[in-house]
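Peer 1: Protein chains in written order, with the numbering used here: chain A, 1 to 325; chain B, 326 to 435; chain C, 436 to 523; chain D, 524 to 641.
Listed next, the in silico DSSO-like pairs over lysine-lysine satisfying Cα-Cα at most 30 Å (straight line): (1) A/Lys80 x D/Lys556; (2) C/Lys460 x B/Lys412; (3) A/Lys271 x A/Lys131; (4) A/Lys24 x B/Lys412.
Just so you know, the hints here were simulated from the structure itself, not pulled from any lab data.
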Amino acid sequence: MAEFIDLVLLAMLALTALRIIFLKDLFAVVMLFGIYSFLSALIFVNLDAVDVAFTEASVGAGISTVLMLGTLALTGRKEKPSTHSTLLPLFVVLVTGAALIYGTLDMPPFGDPDNPVHQHVAPRYIEESPKEVGLPNMVTSVLASYRGFDTLGETVVVFSALIGVFSLLGVRRKQKKDLDSGLESHRVLHVVAKVIIPLVILFALYVQFHGDFGPGGGFQAGVIAAAAFILYALVFGLPKAFAVVGPKFLQWMAAFGVLLYASVGLYSMYKGGHFLDYNQLAADPVAGQHYGIIIIELGVGFTVFAVMLNIFYAFGSQAERSNVQ
Amino acid sequence: MLFLDIVSSILLLAGIFFGLSGAVGLFRFPDFFTRVHAASVTDSIAAILIIGGLLLQTSFDLNTAKLVFILLFLMVTSPTASHALAKSARHGGLLTLAETRPEDKQEHTQ
Amino acid sequence: MTGILAAVCIAILVVMAIALARAFKAPTVYDRILGVNMFGTKTVLFIAVIGFLMGRPDFLDIAIVYALINFIGMVAVLRFFEYTSPIE
Amino acid sequence: MNFILDYYNYWVVVFLMMAGFYIVISANNLVKKIVGLNVFQTSVFMLYISMGKVTGGTAPIVAEGVTQYSNPLPHVLILTAIVVGVATTAVGLALIVRIKRAYGTVEENEFENKDDAI
Numbered sequence: 001m002a003e004f005i006d007l008v009l010l011a012m013l014a015l016t017a018l019r020i021i022f023l024k025d026l027f028a029v030v031m032l033f034g035i036y037s038f039l040s041a042l043i044f045v046n047l048d049a050v051d052v053a054f055t056e057a058s059v060g061a062g063i064s065t066v067l068m069l070g071t072l073a074l075t076g077r078k079e080k081p082s083t084h085s086t087l088l089p090l091f092v093v094l095v096t097g098a099a100l101i102y103g104t105l106d107m108p109p110f111g112d113p114d115n116p117v118h119q120h121v122a123p124r125y126i127e128e129s130p131k132e133v134g135l136p137n138m139v140t141s142v143l144a145s146y147r148g149f150d151t152l153g154e155t156v157v158v159f160s161a162l163i164g165v166f167s168l169l170g171v172r173r174k175q176k177k178d179l180d181s182g183l184e185s186h187r188v189l190h191v192v193a194k195v196i197i198p199l200v201i202l203f204a205l206y207v208q209f210h211g212d213f214g215p216g217g218g219f220q221a222g223v224i225a226a227a228a229f230i231l232y233a234l235v236f237g238l239p240k241a242f243a244v245v246g247p248k249f250l251q252w253m254a255a256f257g258v259l260l261y262a263s264v265g266l267y268s269m270y271k272g273g274h275f276l277d278y279n280q281l282a283a284d285p286v287a288g289q290h291y292g293i294i295i296i297e298l299g300v301g302f303t304v305f306a307v308m309l310n311i312f313y314a315f316g317s318q319a320e321r322s323n324v325q
Numbered sequence: 326m327l328f329l330d331i332v333s334s335i336l337l338l339a340g341i342f343f344g345l346s347g348a349v350g351l352f353r354f355p356d357f358f359t360r361v362h363a364a365s366v367t368d369s370i371a372a373i374l375i376i377g378g379l380l381l382q383t384s385f386d387l388n389t390a391k392l393v394f395i396l397l398f399l400m401v402t403s404p405t406a407s408h409a410l411a412k413s414a415r416h417g418g419l420l421t422l423a424e425t426r427p428e429d430k431q432e433h434t435q
Numbered sequence: 436m437t438g439i440l441a442a443v444c445i446a447i448l449v450v451m452a453i454a455l456a457r458a459f460k461a462p463t464v465y466d467r468i469l470g471v472n473m474f475g476t477k478t479v480l481f482i483a484v485i486g487f488l489m490g491r492p493d494f495l496d497i498a499i500v501y502a503l504i505n506f507i508g509m510v511a512v513l514r515f516f517e518y519t520s521p522i523e
Numbered sequence: 524m525n526f527i528l529d530y531y532n533y534w535v536v537v538f539l540m541m542a543g544f545y546i547v548i549s550a551n552n553l554v555k556k557i558v559g560l561n562v563f564q565t566s567v568f569m570l571y572i573s574m575g576k577v578t579g580g581t582a583p584i585v586a587e588g589v590t591q592y593s594n595p596l597p598h599v600l601i602l603t604a605i606v607v608g609v610a611t612t613a614v615g616l617a618l619i620v621r622i623k624r625a626y627g628t629v630e631e632n633e634f635e636n637k638d639d640a641i
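Build the full structure now, drawing on both the sequences and the hints.
Peer 2: Written out as structure tokens, the structure reads:
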């Protein structure tokens, strides 16, 4: 049954990708990209990658699509016909495709339990991580505890993305004459958004702290909370959203998240362990792991929330600036 | 125990029926506003029935709470989304089928 | 019971395929948004049913995220679409 | 038939890679190139995740009565890759907005004669 579903979903995905190639209306391209991300998240669910599906659905389908729509609001909808012929790209693509497919022929068969990939490193983590780190969700324990240093680097990458977008775009200060943009004419959306936003934030907090036992964690929680505020900014307009959570406050919050993460590492060094070695954090090593993972997931949640919301502010204020002139 | 299974499978099958009818309506209806009607009505009823069917499977634990949350959330958002879409389409100047075909407009107005 | 759940899965897949077809062939942009929206709601149901079929009902978190992101994506499309251009 | 089932996943991944690759090469609009990049990226994620799948195994969350788990390590790698991918997409889109403001266009074939304009 699962293989059949896998086949059908992958076929749908291939069709969506094909359709994206031949579309000229960029709005339709971005919307089909939204479906593409949803479908790939669905395939990840089917391939037992539950955390990855969570992230792909919230980050891939949510934030990417909203940012692309924001860009399209500035750069226009229609793609002008390209002058050069499509024969050469097609030829290059077909040759590389054939080479790659020839390469996949001697890969191990899909889903076979005694594939080499499952023999060397994975059994150690599948057996040891529930005992050493004490979390049912092995993905979170590997992500936060064994690979804690990499996740710190990844949080810094997200933080530097904020710096990059801000150095390029910058957020417009709130002028007096700001028109009250947002979907004013949609009264129903105003009422429903007011009802939904607390629910979404509550769910984000649940995801944040549920990361140890089920799918979830800092990244997904940060993105979902940012999505709640993005919904607020979309429906009630940016000036009101700036009043609720300003870009200045978010910059501090992003920095604070990375600082919190690194200070956990320094504290465990101060207690005599290595950098980011959570065993020193508490008397009992497994309890120390729990504290360490909860705190760094909180740090990651702060940073990702602040960065995603601030990037949306930067794009949103550009769209409004071009409309005000 | 068997009774619960029977009721939940009835609900699920009814949910499928409405979902499929909505999909057929979405595909065959002539213009946008009829399609919005077809899609959103069956979306809501199919969601209620299928999630209701699944609710009977759970033994009143965390999953039941999650399913009730999903049901409430879908009941609030999916009609709102369809309303906002139809209003935005109308606002954007999309005409209904009757408006686009002037010749059968007279018999509408008599 | 699993037979019924499997049948529900296949039916939802069919509905998703039709919604996808609508999103591909849509004459106006609004039809495309409608297709995307219906596809999103059906994926929520699909994940819920798959979770029960596979005996891992803790997948429901992902179904909730799907419902959220589908709604927010829809609002974003409507919001930014009003910015760009009148109906072609 | 069994042979196709074994390699179907990888073939669809290669097909998506080539679709993304083709979009990046032949697209005229920069935003569409970014979409092509994301299509390419997601197919790479799918390659890693389908390698980690074990038929009959479930999600790598410890549950009683489950013996066979899918391999959690590719999941961790891809989790990081998705977030970094979105960060790069955000910076890429910010660059496109600046290009639009500086050159007035984001179409690739309209750039050549614009260089002396600014």
